[in-house]
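Novice: Chains A and B are the protein sequences, given in the same order.
Going letter by letter, the first sequence gives residues 1 to 335 in the numbering used here.
Going letter by letter, the second sequence gives residues 1 to 335 in the numbering used here.
A portion of the hints provided could be inaccurate.
Distance condition first, Cα-Cα at most 35 Å in a straight line; then the derived DSBU-like pairs of lysine-lysine [claimed, not checked]:
1. 203(B) with 319(A)
2. 203(B) with 122(B)
3. 288(A) with 25(B)
4. 77(B) with 288(A)
5. 288(A) with 150(B)
6. 203(B) with 271(A)
7. 203(B) with 288(A)
8. 319(A) with 150(B)
9. 45(A) with 288(B)
10. 313(B) with 271(A)
Since the hints were made in silico from the structure, they are not lab data.
2 protein chains.
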Amino acid sequence: MSNTKETPQLKTGKGGWVHYRPEIKLLDCTIRDGGLINDHKFDDKLVKNVFDTCVAAGVDYIEFGYKGSKKIFAQNKFGSWKFCDEDDLKRIIGKKPAKTKIAVMADADRTDYHEDILPKDKSMIDCVRVACYIHQIPLAMDMIKDAHDKGYETLLQLMAISNINEHDLVEALEIAAKCPAAGVYIVDSFGSLYSEQVRDLTKIFLRVLDGTGKDVGFHAHNNQQLAFSNTLEALITGANRLDATINGIGRGAGNCPLELLIGFLHNPKFKIRPVLECCRDVFAPLSKQMDWGYSIPYALTGQMNQHPRAAIKMRASDKPDDYVGFYDQLMQEES
Amino acid sequence: MSNTKETPQLKTGKGGWVHYRPEIKLLDCTIRDGGLINDHKFDDKLVKNVFDTCVAAGVDYIEFGYKGSKKIFAQNKFGSWKFCDEDDLKRIIGKKPAKTKIAVMADADRTDYHEDILPKDKSMIDCVRVACYIHQIPLAMDMIKDAHDKGYETLLQLMAISNINEHDLVEALEIAAKCPAAGVYIVDSFGSLYSEQVRDLTKIFLRVLDGTGKDVGFHAHNNQQLAFSNTLEALITGANRLDATINGIGRGAGNCPLELLIGFLHNPKFKIRPVLECCRDVFAPLSKQMDWGYSIPYALTGQMNQHPRAAIKMRASDKPDDYVGFYDQLMQEES
């Protein structure tokens, strides 16, 4: 694997970055993370546009959504991308692209993985990304083994990293080091991390996973307008797998914008123009109907290292700009 | 002066930053930089609210606007804060606050400084911040001497830093090292800098100014959603003077949001609640009438290290979301 010692040094100079790291892999989670805003009810035209955009932009992976349990989640309450059934994937993808891999997320305790993840030769899916909290690591290991044995590339998404102490984190990573996942992601679920924390965490991941061949990945949230910069911090420290979404869409404050990340990565295989087309045609109009992106309530939950759910609720209330009332409420709850 | 070796180390840990640096000085330029959007035509009620907010929040300096030349700028075309006449300052400020200093900006070649900057004992102003491009350094030195001799604290704002090569920069700083300014600011005029460039520049400023007692300052723009993170990068590297604006208001993509910066700085003298009140009462409604903050055209000029004026013009046109047309235009102009 690459780590900070082995990766080629990025060069800075007048006018910006000159060099690029060919091993960097981008995963677009526009439909998956954006789907958390609207219960995964994107129409086919939008999903098809996003898919075509990612292929044209040279993105390495596109993550459509979840393999959600139909026992837990009623199919009439959620859109297709909560379940990513094969027929839905086929309808959008058509002929599989040569270079862009199809990914889905499998949430620990929310996926009937033995049944719902088919053998790879019966699926459009290339890669299963297992998401878990630290107490679910044993379950996640079983999920990864199951998907790996069925023929998939696998990835591990360790959520709520800001609530894990270093001793527990090292133990979790030592377990993950033995699984077949190609990469392990740092997930800043609450958008609470500052740059030096990202650097420290990336170094811990690189150190414990050293010699396993696994990449370190980073998934940001933009609560404090740090999604892009924290993604760069992880990259500079040695992370090779980066998540982004078109126009930064995603639950709450959203994610690292793909158009900013491609602007930074000078690898000629990544193209910004298709992303700008999609922003113009899809996300500029959509942003007038759906609420995502930075706003002060998300900044406050990020500052306090809290789940954004209170901020999401407040933004959807009849007082979306009562920042002081929201701050006072958070302060009262903290005491 | 503080530099990276001497400043106390910031501590990171679960839950965020623990320590703070008491020498950090915040300058709020809400009215000054925000005034670039509306030709400095803020009404008294708004200016008074911002001023009271800064005092209550513990901000060290509030910058009202420019000491613009009345020969160059017609008084009937600009608001009061293009000129910062004493009567206007008195009307807003009333009794001078104990801890918050009053600052104005004097632009090189756009200020009749001999006439319009009064002796300090006849003024509400505490601090004159001289802004210049590198070719105006000799003029800026004369402006700083003039203001210093009249009794003011002075600061130097070196603009368009991303267009200055290192040899010229060191020469400029060696000249600035001899002037009486209390601080010299790095100004990312185009919002084009990435974190490592900010770090490198801050180190150059610290090195050349070492032993002079001058602080290094940082003024960000948010073209690439990096205003806050770059401000933190400068701070962590050793900059002691930081610019911010309430709700990130400012020309184009705006500036580093004061509410994010105060959330990061754990110095108990800074208070976030008054800033949230001002965001609720003033800037949430204002944002529905005025356009500032991140959008893709600003990201593109930032990526290309260009002045935001083309993006500002495009955002005010009848096609504010035609990102592809704008990108193609920039590409054609580049060739």
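Novice: Give a verdict on every hint.
Specialist: Hint check:
Under the criterion of a C-alpha separation no larger than 35 Å, the hint pairing residue 203(B) with residue 319(A) is inconsistent with the structure, at around 45 Å. About 38 Å separates the Cα atoms of residue 203(B) and residue 122(B), which puts this hinted pair outside 35 Å; it is violated. Distance check on the hinted pair: residue 288(A) and residue 25(B) sit about 38 Å apart at the alpha-carbon level, beyond 35 Å; violated. At most 35 Å may separate the alpha-carbon atoms for a hinted pair to count; residue 77(B) and residue 288(A) meet this at roughly 34 Å.
About 53 Å separates the Cα atoms of residue 288(A) and residue 150(B), which puts this hinted pair outside 35 Å; it is violated. As the CA atoms of residue 203(B) and residue 271(A) are separated by approximately 33 Å, the hinted pair is consistent with the 35 Å bound. Taking the CA atoms of residue 203(B) and residue 288(A), the gap is about 43 Å. The hint is violated against a cut of 35 Å. For the given pair, residue 319(A) sits about 50 Å from residue 150(B) by alpha-carbon distance, which is inconsistent with the 35 Å threshold.
Distance check on the hinted pair: residue 45(A) and residue 288(B) sit about 30 Å apart at the alpha-carbon level, within 35 Å; holds. Between residue 313(B) and residue 271(A) the CA atoms are separated by roughly 25 Å; this keeps the pair inside 35 Å, and the hint holds.
Taken one by one, the earlier hints fail for this structure at numbers 1, 2, 3, 5, 7 and 8, listed in ascending order.
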